[in-house]
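S.K.: Chains A and B are the protein sequences, given in the same order. At position 31 of the first sequence (counting the first as 1) the number is 98 in this note's numbering, and the numbers step up by one without a gap. At position 230 of the second sequence (counting the first as 1) the number is 297 in this note's numbering, and the numbers step up by one without a gap.
Just so you know, the hints here were simulated from the structure itself, not pulled from any lab data. Misleading hints may appear alongside valid ones.
Which copy? The list can't say, so a pair holds if one copy fits it or any two copies do.
Distance condition first, Cα-Cα at most 20 Å in a straight line; then the derived SDA-like pairs of lysine to any residue [what the hints assert, rightly or not]:
#1 Lys237 <-> Asp320
#2 Lys237 <-> Tyr269
#3 Lys237 <-> Glu134
#4 Lys118 <-> Ser144
#5 Lys118 <-> Glu82
#6 Lys237 <-> Ala263
#7 Lys347 <-> Leu381
#8 Lys347 <-> Glu200
#9 Lys237 <-> Arg267
#10 Lys237 <-> Val249
#11 Lys237 <-> His262
Number of protein chains: 2
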Amino acid sequence: MAPDAMADARDRVLEEIRGADRFCLVTHEHPDGDALGSLVAMHRVLTELGKDSVMLMAADEFPLPYEYRFFDLSGLSTVPPGDIVDRTIVFLDCGNIDRTPLGIVKGDDVHILNIDHHHDNTRFGTVDLVDPEASCTAEIVWDLMRALGVEPDQELAEALYVGLVTDTGKFMYENTGPRAHVMAAELIAAGVDTHAVYRRLYEDMPFPKLELLARALRRVERHDGGALTMGRVTREDFDATGAEDSYTEGIIDHLRTVEGTKVAALAREIASENGTPVKKVSLRSTDGEVDVSAIARAGGGGGHRQAAGFSTVLGDDELVAFLREQVAAQLAPAST
Amino acid sequence: MAPDAMADARDRVLEEIRGADRFCLVTHEHPDGDALGSLVAMHRVLTELGKDSVMLMAADEFPLPYEYRFFDLSGLSTVPPGDIVDRTIVFLDCGNIDRTPLGIVKGDDVHILNIDHHHDNTRFGTVDLVDPEASCTAEIVWDLMRALGVEPDQELAEALYVGLVTDTGKFMYENTGPRAHVMAAELIAAGVDTHAVYRRLYEDMPFPKLELLARALRRVERHDGGALTMGRVTREDFDATGAEDSYTEGIIDHLRTVEGTKVAALAREIASENGTPVKKVSLRSTDGEVDVSAIARAGGGGGHRQAAGFSTVLGDDELVAFLREQVAAQLAPAST
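Okay, chain A solo, but in the shape it has when bound (with noise of 0.2 Å):
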């Protein structure tokens, strides 16, 4: 989106959120620390508006992963509220409006504010706000709650701050500007807890969690020179550690520090529905040579440039055959 394009996106939305009275505010399933975030400081935003704002997740998202169950998600309902022709939906940090399993479709009578910062965002909106120099959704709508004259209160702050610090990578991923720490710097004046933040989503980190590591970095594979670094986690891992699949989370950033790694995959069995072993396929490319979303759109996935996934009925062979065909067809030098 060209920068003007940008400005009056970012313009309509104001206009739209100051001129609207009702809300409901969605995000992308199984939704990550930006998602709820995002989700839960625009609702906070609205409300402290005197906007009347409902935030809608599928009732089978719940429980949440632990390190997200802190957020305060009263004003959230597991249900379309039957006004929801009469509201503004805004879509929060969700790439693809099929990405969220709530029966919501483009159509004249349904308004839509698709805030994001996905650089493959479809574009579903009435109006699209989709930033990809965004390091997060969090930062966009730390922009608007600014150009709204609404001052964060620390909940607010910490709900904007999750969404920065998850997304980043702890400030560590390449879309990690200075308005990111800038973002930071104000949060942390106004009131978040760093350590408390940290503590919930980094720490008090269940053991099982620890041995599911122990396990998965036991057999480790590298192919191709290590240019792919491959992990596993089996069922018998869950099942020997009582470890939830969402523990799972954090393991492919070791592969990906692997020295000479270009793209690194972990594959985890997940309860197959009838009989059939699924995997679900995680890829993170580390410099940005080879687009892992493209990899994960040939699995029949999606995602960013940098991080992607896909699920696959495909055997343990099979699989590190399609990836390592994949990643040599990307890093193969261009034809003339």
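Chain A is already provided as a structure; the job is to place chain B on it using the hints.
M.R.: Just chain B, lined up with the frame of chain A:
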């Protein structure tokens, strides 16, 4: 140090830097990111001001741990310059004059600027600019740099950024206030390539380092209901993986984050000099409830309240007993 005394010390340091022409910069033994970042940054500030500056480090510090080898150490000497008595000696990030093995002792004829952020700094300088509120020594150097009117180029900015990132644990430790983020924003705007810095510090990780982690995590022990979480790295682990001693860096963070942990300890066997096995013990406190610098001092070492260490010839069981006793003593309700 009271705010007035701190401002005085800062003024005196600035005055000394402006007034003197020749400097010799030192830091603590086994330098970490903040020690090296502050050293290199101060050297560049002084050089930029047209001063004659020498960085001094003991020859046996080399080679540095792989993650710090990128520092530009031109201007470094491993023997004290012949005119050292005529030079202003600047100690950076050095809590105790004994922690630099260079034979520099305080005396009437040695002029020492002691610039540090360790709360237990022994104030050994002619001027002591010791600010425990600073997230890192680099933050103090950054402040001095600005007061001296030096504009950072990319290399100076990166040296400061390395100090900031490593001593705040990627902005995660309690010492990370708004000032740390403002500093980060300015340094990134001055040209820090954050992605390159993080790759050097945390990625491009030799595969044996991941193998060492996998081994260490297999034998984590929890004591006293989890208050003490303890890990070990044995000589066999080093031998089997080919890992260097510095590859143990970061393992303790995994122990620290386990739910319920008050103190995390990692003991690693180092090459024994005369047949007696020696262990280096690193300690971390998770929430400041236990002062691990006191435990380290009881063991003959030192450090910060939340991060400290010592060396010991205790056997495995004796070491566990010592640590349990020390932790229990601090967790016991104070007698009235």
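S.K.: For every hint, state whether the structure bears it out.
M.R.: How the hints compare with the structure:
Taking the closest pair of Cα atoms, Lys237 and Asp320 come within 20 Å of each other both inside a single copy (12 Å) and across two copies (15 Å). In this homomeric assembly, Lys237 and Tyr269 come within 20 Å of each other (Cα to Cα) both inside a single copy, at 10 Å, and across copies, at 13 Å. Proximity of Lys237 to Glu134 under the C-alpha cut-off of 20 Å is found in both arrangements, the shortest distances being 15 Å within a copy and 19 Å between copies. Proximity of Lys118 to Ser144 under the C-alpha cut-off of 20 Å is restricted to the intra-copy arrangement: shortest distance 16 Å within a copy versus 66 Å between copies.
With identical chains, the CA atoms of Lys118 and Glu82 are at most 20 Å apart within one copy only, with a shortest distance of 14 Å there and 57 Å across copies. Taking the shortest Cα distances, Lys237 and Ala263 sit within 20 Å of each other both inside one copy (15 Å) and across copies (15 Å). With identical chains, the CA atoms of Lys347 and Leu381 are at most 20 Å apart within one copy only, with a shortest distance of 10 Å there and 46 Å across copies. Taking the shortest alpha-carbon separations for Lys347 and Glu200, neither the intra-copy value of 28 Å nor the inter-copy value of 45 Å comes in at or below 20 Å.
In this assembly of identical chains, the alpha carbons of Lys237 and Arg267 lie at most 20 Å apart whether taken from the same copy (14 Å) or from different copies (16 Å). For a Cα distance limit of 20 Å, the shortest separation of Lys237 from Val249 qualifies both inside one copy, at 14 Å, and across copies, at 15 Å. Taking the shortest alpha-carbon separations for Lys237 and His262, both the intra-copy value of 13 Å and the inter-copy value of 12 Å come in at or below 20 Å.
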